[in-house]
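Trainee: Sequence:
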Amino acid sequence: MRGMILMGAVLAACSGKATTDDSAEWWEGNESPDGETPVIREGSVYCTPGSQSSGDLFFVEIEAYDPQGDGDIADQGGRVAGYYVDSDEEIFDDELLVCTGASCQGSWRDGIYPPVTCATHDYFYFKAWVLDRDGNTSPEYDLAWN
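Residues in the sequence shown are numbered consecutively from 1, following this note's numbering.
Since the hints were derived computationally from the structure, they do not count as laboratory data. A hint or two may mislead.
What the hints assert, rightly or not - Derived SDA-like pairs: lysine to any residue, alpha-carbon spacing no greater than 25 Å straight-line:
#, residue 1, residue 2
1, K127, Q52
2, K127, D93
3, K127, P139
What the hints assert, rightly or not - Pair by pair, the computed Cβ-Cβ distance ranges are:
#, residue 1, residue 2, range
4, G111, E31, 34 to 42 Å
5, D134, Y84, 29 to 37 Å
6, D75, N146, 20 to 28 Å
7, Y46, D93, 15 to 23 Å
Glycine residues also receive a C-beta, built at the ideal position from the N, C-alpha and C atoms.
I would like the entire structure built from these sequences, with the hints used as guidance.
Mentor: In structure tokens, the structure reads:
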């Protein structure tokens, strides 16, 4: 009996899915829609005040998943877009993300996408997409502000 319980735990761990109710909510909407398309599982954007010469610095961090494996996520070409909260008007859409396996990062500095600054971040929201080497684009993902 103990061996069967251990085997069940190993199978759950290998499947990439935990067995708690909380994880079921996390996985919902984070599965590949067709078994080939990558998805973003977690993502956030944050800002830090820089120096006088650099201005504010923005950083994006993403954890993605691709059914063909982490190595199938494209090294470059993941996109980040910014929008006004009150009108949904797009401010920018740029290929900012560089990925190493499932981990993707991007950044920009103050003045690149005006009027986005650390002080005005509440007026904007951000979305991201990742690409895989087969040309599949993930569904859009709303980045959390940290």
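Trainee: The structure should be examined with respect to each hint, and the outcome stated for every one.
Mentor: Here is what the structure says about each hint:
1. K127 x Q52: The hint is violated at about 28 Å.
2. K127 x D93: Within the cut-off at roughly 9 Å; holds.
3. K127 x P139: 10 Å, holds
4. G111 x E31: 34 to 42 Å: Holds, since G111 and E31 (Cβ atoms, about 39 Å apart) stay within the stated range.
5. D134 x Y84: 29 to 37 Å: 34 Å, holds
6. D75 x N146: 20 to 28 Å: 24 Å, holds
7. Y46 x D93: 15 to 23 Å: 19 Å, holds
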